[in-house]
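Heads up: the sequence lines are chains A and B, in that order. Position 102, counted from 1, in the first sequence is what the working numbering calls 102; the numbers after and before it change by one each time, with no gaps. Add 1000 to a position in the second sequence, counting from 1, and you land on the number used in the working numbering.
One or more of the hints may lead you astray.
[Stated by the list, open to error] If we take Cβ atoms under 7 angstroms as the criterion, some of the chain B residues that face chain A in the derived model are:
no.: 1; residue: Asp1033
no.: 2; residue: Gly1040
no.: 3; residue: Ser1048
no.: 4; residue: Asp1084
no.: 5; residue: Arg1160
no.: 6; residue: Thr1301
[What the hints assert, rightly or not] These stretches of chain B come out as covered by chain A in the derived footprint (C-beta under 8 angstroms, 3 or more residues):
no.: 7; segment: 1097-1108
no.: 8; segment: 1193-1204
no.: 9; segment: 1274-1282
Derived by calculation from the structure, the hints in this document are not laboratory data. Using N, Cα and C, we set each Cβ at its ideal position, and we do this for glycine too.
2 protein chains.
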Amino acid sequence: MELTVGDLDEGALLARIFPRLADSKSVELGPGDDAAIVRGMGHRTVVSIDTQVQDQDFRLQWNNGYRSTGFDVGWKAAAQNMSDINAMGGTTTALVVSLTLPPSTPVAWVEDLADGLQAAISELAAGDCSVAGGDLSAGREISVTVAVLGALPGSEAVLRSGAKVGDVVAHCGNLGCAAAGWWLLEGSVPPAELTPEQSGLVELFARPRPPLAAGPIAAAAGASAMLDVSDGLVRDASRLARASGVAINLDFAALAALAAPLQKVAGAAGVDPHTWLLGGGEDHGLLCTFPANHPLPDGFTAIGSVVPGGERTPPVSIAGRAATTSGWDHFAD
Amino acid sequence: MELTVGDLDEGALLARIFPRLADSKSVELGPGDDAAIVRGMGHRTVVSIDTQVQDQDFRLQWNNGYRSTGFDVGWKAAAQNMSDINAMGGTTTALVVSLTLPPSTPVAWVEDLADGLQAAISELAAGDCSVAGGDLSAGREISVTVAVLGALPGSEAVLRSGAKVGDVVAHCGNLGCAAAGWWLLEGSVPPAELTPEQSGLVELFARPRPPLAAGPIAAAAGASAMLDVSDGLVRDASRLARASGVAINLDFAALAALAAPLQKVAGAAGVDPHTWLLGGGEDHGLLCTFPANHPLPDGFTAIGSVVPGGERTPPVSIAGRAATTSGWDHFAD
């Protein structure tokens, strides 16, 4: 019989989780007391929180037969939270994790989740970071909440509100890959029959790889505004534009170049890859604006420019025409 | 028809929540960007996280007819998290809050929850503190996760592991009140028929009042160990004793004095009030140890002493006899 969470008391479950988590210098005092103590830089801490709920934010079972592993869920919870610190120009110092688990949850699944959390921290995090503490609760559905703390290596955070007319709009990281992976998971081709390229896209959906070193680098390079692309390029660019009181004009050729690597998979699926590029989220790349005279840091690609906003100006356009999340409605005029 | 969460989009729901939350100087940048920025003291941040799940950690409907309000749930979520910072000797600087809500949740209940969060911060918090950010998710059950950040006004945190043989064991805050309130909620007397004293105990269960100024005061007064009593005096004293490698002997007369105010309600219920005092949790008072030659700060009551531990020594005893969570089993020998 498979061991489930309901078979163990809290202490026994924690004893299986803790050895899977590494220490770090940032965490002066880890799990075991009323609270943890996290070292930072200066007197400011960057903080964010995010919850993933089973069947809402993640599925255990997909249409094509793929089963989300605990590793996937743990990785994604860590990655997307660390991305929020990255998007402020910060480095992650600590995560605190609250797990709500039905008693029927296999213990092995929870151990796998801990491994996924730790793997994301070890493989992605640019700074020194570890899980500082957490909480276990019972519930009817699996829910994973991560609160993430970060330090600002530069003196100032980069907000989404600082874009200026004339700035270059640039992107770093994957774009459209997670959306393509999601499309494949929702399709009918079972995981074992996917091509290596298709499997790679599924992997980037299941275990996104935000460019966690790039945020502080962009901040040091003079980025005027920054956010992470979690809900899709057009939607997140609109947020940046609105917060900054400007508009963003994306470059047709730059987008086409980004879409090209997705063309083969998209073509086989009968999908325009721009749909994934413009509307898909969860890649957690960085959308930045830089003053036009600043050289872009390595890894950043110019994809547009900041233009004047206004009531009658769409917040995001592509080659001067209003963009939508599917991207091309207005090109069909 | 009652407006529910499913009737609003995220922005509209947030627009109803934000005006209910106050600003503070500790939060340099609040909700609206990828992450929040919290000011602290020095380079260290104290952090903890805790989730309350509907029907596990709180009930919406009690046996005696009481209905937990959103205000209750918000208050309790804030209070018990802030208590963890208090128990390190820290002051709370910021909360980040993640709400998982079924679409059928009344919007008024969520607004009430925001009011409860803010009221607990305003009425209880010793320091300058506010809600710095949060997250909204859909789910099948209500779940409230709070991660709390704090600063250490003293140079060192007070851990649960520092108790020394000969130290005085002291307590600050309520003890047994929440357990008495819980007992009344589980009883058959409807809320309207409770005496004012009984209603006061229900209130202390629904909206606990941890002594949030007392943690930093105890730290400054030289407390050698400290934790908050969330799971009951005997259970939490055992944790402190085990972490410190000592044992704790509670004083019979001191416990009797603490039990006396509960005697009337307990007597009417046919319950020994020591059961509530020793086994009941959720009052979130502070259990501290102080060197014997240190005067106790205001608000602290001596309830025992630290004695040598050992394999054959029970971690917590009362007048030299092993204590249990119900307290008196061993007195029936």
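Now the hints, each set against the structure:
{"no.": "1", "hint": "Asp1033", "result": "holds (5 angstroms)"}
{"no.": "2", "hint": "Gly1040", "result": "holds (5 angstroms)"}
{"no.": "3", "hint": "Ser1048", "result": "holds (4 angstroms)"}
{"no.": "4", "hint": "Asp1084", "result": "holds (4 angstroms)"}
{"no.": "5", "hint": "Arg1160", "result": "holds (6 angstroms)"}
{"no.": "6", "hint": "Thr1301", "result": "violated (20 angstroms)"}
{"no.": "7", "hint": "1097-1108", "result": "holds (count 3)"}
{"no.": "8", "hint": "1193-1204", "result": "violated (count 0)"}
{"no.": "9", "hint": "1274-1282", "result": "violated (count 0)"}
Hint violations for this structure: numbers 6, 8 and 9, all remaining hints satisfied.
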